[in-house]
Amino acid sequence: MNLEQVFGYFEYEFMQRALISALVVGLCAPAVGVFLVQKRLALIGDGLGHIALTGVAIGFLTGAAPLWTTLAVTVAASVVMELLRSHSKTSGDVALAMMFYGGIAGGVYLTGIASDKGVANLQQYLFGSLLTAGWSEVWTIVVGGAVVAALMLVLRPWLTAICADEQYARVSGLPVGALNLLLLVTTAVTVSVSMRAVGLLLVSALLVIPVVTVQQFTRSFKATMFAAMGAGLLIAGTGVLASAAKDVPPGSTIVLIGVAVFVATALLAAVVGRLRRTRRGHLPPEGEPLEVELPAKA
Amino acid sequence: MPVLNVHGATVSYGGRAVVRGADLAVAPGEAVALMGANGSGKSTLIKAVAGLVPLAGGTIELFGTPRKRFRDWKRVGYVPQRTGAASGVPSTAAEVVSQGRLAHRLIGLPARRADREAVARSLAEVGLADHAHCSVDTLSGGQQQRVLIARALATDPDLLIMDEPTVGVDAETQAALAEVVAARIDAGCAVLLVTHELGPLTDRLDRAVVLADGRVVHDGAPPRPVGEHADPGHEHVHPHPSPHPLPKLDGAAPRISFGNAGGGTDADTWDGR
Ligand SMILES: Nc1ncnc2c1ncn2[C@@H]1O[C@H](COP(=O)(O)OP(=O)(O)OP(=O)(O)O)[C@@H](O)[C@H]1O
Ligand SMILES: [Mg+2]
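Chain order of the listed sequences is U and P. Counting along the first sequence from 1, when you hit position 182 you're at 309 in my numbering, and nothing is skipped either side. Counting along the second sequence from 1, when you hit position 132 you're at 884 in my numbering, and nothing is skipped either side.
Don't take each hint at face value.
[To be verified] Stretch by stretch, here's where chain U covers chain P in the computed footprint (C-beta under 8 Å, at least three residues):
(1) 800-808
(2) 819-826
(3) 830-836
(4) 859-868
(5) 876-888
No lab work stands behind these hints: they were computed from the structure. We treat Cβ as the ideally placed atom computed from N, Cα and C, and that holds for glycine.
Could you build all of it, start to finish, from the sequences and the hints given here?
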């Protein structure tokens, strides 16, 4: 199999659609994910992915488009999650656990009721089915991705502040509750919109993997954010090409490539770190004054 | 009109009152120390002032406005106790300090020149100008603490609230920070400083308020250091030939004892973070 053959696939419209949606998701998901990683909520995308199952099942039941029911359910879940977190003693990981269990159970239960639609149908959403998406779905992904990325880029300083040190952000008078909610709702939108591309169970990989991969090499938040978006784009693009070549589902290929890149760079970072041990990123401590008075020489 | 007026403040955690009817006033340009043993409620009182914990009783006014209706947070600079500046994703010192300017910025608009200048200036004030573009998690604990002080200074506050800001900061830098804070006081900024030690920062204090077991037990002249450091001719010059045969830590000012009035707890506690 050669490159020409791979590029030959893109004569087909369904391959073009798959590539466009994957690239958009790859670019935009890390823009949200970088804040989630900073807030130490890296698994929230997964939690919302589980909740989204219930949304998809409601779509099957009611005959409405699963995209919109998923959006409604995940946004509602993120509002409840934020209320729980801010107004009760429920900790983040407990709320997350509830989302995992409740989401899966709701999805399976409701698809059980709508059993004539078949579980195979649910699988499309679990693992992604880029190749069957139509142009209208691609445009939904493009528009949703553009809105999400624009919001995250414009609000970067404010979102960083609430994610890094929420108490300080409060004392700065920032609308912490509203910003938290915005971040969660944006995550919900990202998950719902990108489920066609990588699948619900894998979407949080694209939120997180590019960020944790590049942050091994970056020093600033801004650089981490942009580099992660670039890395996400590359990983998603390569994933679609590779899956076309091997004729396997794109979602899992994208995620596998992401994991491989992470492991490879982690090893690389360890080696580079060892080589660089002597040349630190900042000034060595010899610039600092001596802390103690040395005894005067007799 | 005082910049901060706390009247009969009571704060409880899960039914246990840890601050009980505390009164505290800070006038414009005044420097007040808040002292007391571990667990006496200093940080809690400060968090109540900053709006981080709810009041169970009493009132707090900031710049004449009840705290609940106070919105002008850009007039308040806050240094939290021992949080560290690092977080999940690498950030540079300059990025952390620029959080102090957000109160001045309209949400969604880019930073203006004044914002960038304030960030650079306050990093220089704490002696970290060269480290502006270093990731904060590669900085030492004391340097991270200085980043947090710079963040509060960058706000250009009229009231600077600092909770043990110089823990882990070396004597030389403490003296330099004291000068920075003194300059702010001269420019009319009021300071509320939680501290255990009388160091260079406390030379400029107007008043000290001592808490014991959540109650104010002293409000008046700050305790004076005794011994060598009380000598008005004593100067902090480094390195100076020591009269002592052994090395002596500077800034190791004598500790004062607060005498736990209410037989209060002496358990050392970390804040809940
Ligand atoms: N989040 C919390 N939940 C429950 N109790 C708390 C919490 N934070 C503090 N306390 C309690 O409140 C009391 C006062 O704590 P606070 O942090 O105000 O003390 P402090 O005077 O600042 O002490 P230190 O000198 O150690 O900083 C302590 O007895 C502590 O046990
Ligand atoms: Mg304290």
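Check your understanding: Hint by hint, which ones does the structure fall short of?
Key -> Of the numbered hints given earlier, the structure breaks none, since each of them holds.
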